[in-house]
Amino acid sequence: MSTRRRALLVGATSAIGRGLALELAALDHDLVLWGRRPAELAATAEQVRTAGAAVTTATVDVTDDTAVRAAVSALAAEPLHAAVWTPGLFDWGRADSADPGAWRALLDVNLTAPAAFTALVAPLLVAAAPSSLVYLGSGAGHQAYPDNAAYVASKHGLTGLARATFLDLRDAGVKVSLLSPGMVAAGAGLLSPAGRQRPEELLAVADVAAALRFVVTSSPSCCPTEIHLQPLRTPRG
Numbered sequence: 001m002s003t004r005r006r007a008l009l010v011g012a013t014s015a016i017g018r019g020l021a022l023e024l025a026a027l028d029h030d031l032v033l034w035g036r037r038p039a040e041l042a043a044t045a046e047q048v049r050t051a052g053a054a055v056t057t058a059t060v061d062v063t064d065d066t067a068v069r070a071a072v073s074a075l076a077a078e079p080l081h082a083a084v085w086t087p088g089l090f091d092w093g094r095a096d097s098a099d100p101g102a103w104r105a106l107l108d109v110n111l112t113a114p115a116a117f118t119a120l121v122a123p124l125l126v127a128a129a130p131s132s133l134v135y136l137g138s139g140a141g142h143q144a145y146p147d148n149a150a151y152v153a154s155k156h157g158l159t160g161l162a163r164a165t166f167l168d169l170r171d172a173g174v175k176v177s178l179l180s181p182g183m184v185a186a187g188a189g190l191l192s193p194a195g196r197q198r199p200e201e202l203l204a205v206a207d208v209a210a211a212l213r214f215v216v217t218s219s220p221s222c223c224p225t226e227i228h229l230q231p232l233r234t235p236r237g
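Under full-length UniProt numbering, residue 237 is the last one in the sequence shown; the count climbs by one each step, no gaps.
Worth flagging that the hints you see were computed from the coordinates, not collected in a lab.
Don't be surprised by glycine CBs; every beta carbon is placed ideally from N, CA and C.
Don't take each hint at face value.
Computed beta-carbon distance windows for the label pairs [stated by the list, open to error]:
no.	residue 1	residue 2	range
1	Asp65	Pro100	19 to 25 angstroms
2	Ala115	Gln47	46 to 52 angstroms
3	Leu89	Thr3	33 to 39 angstroms
Please model the complete structure; the sequences and the hints are all you need to start from.
So this is what it looks like as structure tokens:
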């Protein structure tokens with residue numbers, strides 16, 4: 001009988017999402033991959049197949065409630081042992097000159113969408129317990145930064161969502177974990193001064209993947225609720 005488990009990775013078209021999908025494949029998980037961009041989603045799927053995992057994909061806009069509900073419903077035929085949420089928007093902006101439209105768009109992706117997703121996917125994870133629900137957070141979910149108000153607020157909200165969801169699901173056998181990396185040499189991290197000038201001083205995608213491995217392989221009696229990752233040396237920008 002197969003010992004492979006099944007995981008959903010949301011946001012598989014980003015560099016971090018792709019790295020986490022490959023880590024799950026290395027941990028004997030077959031993958032369901034969601035993403036917004038079909039070409040990048042197909043590229044991730046091909047890499048995961050090459051790593052030896054079975055893969056299915058779906059192009060999903062995580063802010064479309066109907067699409068997310070349909071995509072989650074399609075998962076119900078087989079057990080789901082892990083769900084990893086990685087989508088996120090980044091935007092520079094001061095609190096005293098906020099664009100309400102930009103705030104709404106960012107909060108929709110970074111906070112409202114994962115909250116809605118949690119309510120839909122939780123029953124599947126409970127049914128397959130022991131299982132794991134993992135959110136990709138940020139150092140900005142624990143510390144404030146200037147000129148970054150909407151992002152900081154949204155990531156603080158995601159931190160609260162993860163903490164509350166752990167309390168709600170722990171007795172059902174579902175681990176709920178938040179991975180909070182500092183600047184990573186991928187995505188928005190490469191737009192920072194340090195990322196543009198010295199990306200080698202930032203965290204690598206492999207560092208975030210190693211944290212996911214720790215969560216997924218930890219003892220069934222233990223839940224690593226929050227993992228904070230920082231570059232060993234102070235990034236210079």
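Status of the hints after comparison with the structure:
The hinted window of 19 to 25 angstroms between Asp65 and Pro100 holds, with their beta carbons roughly 21 angstroms apart. Between Ala115 and Gln47 the Cβ separation comes to about 30 angstroms, which falls outside the hinted range of 46 to 52 angstroms. Range check, Leu89 to Thr3: Cβ separation about 37 angstroms, and the 33 to 39 angstroms hint holds.
In summary, the structure is inconsistent with hint 2 from the numbered list given earlier, while agreeing with all the others.
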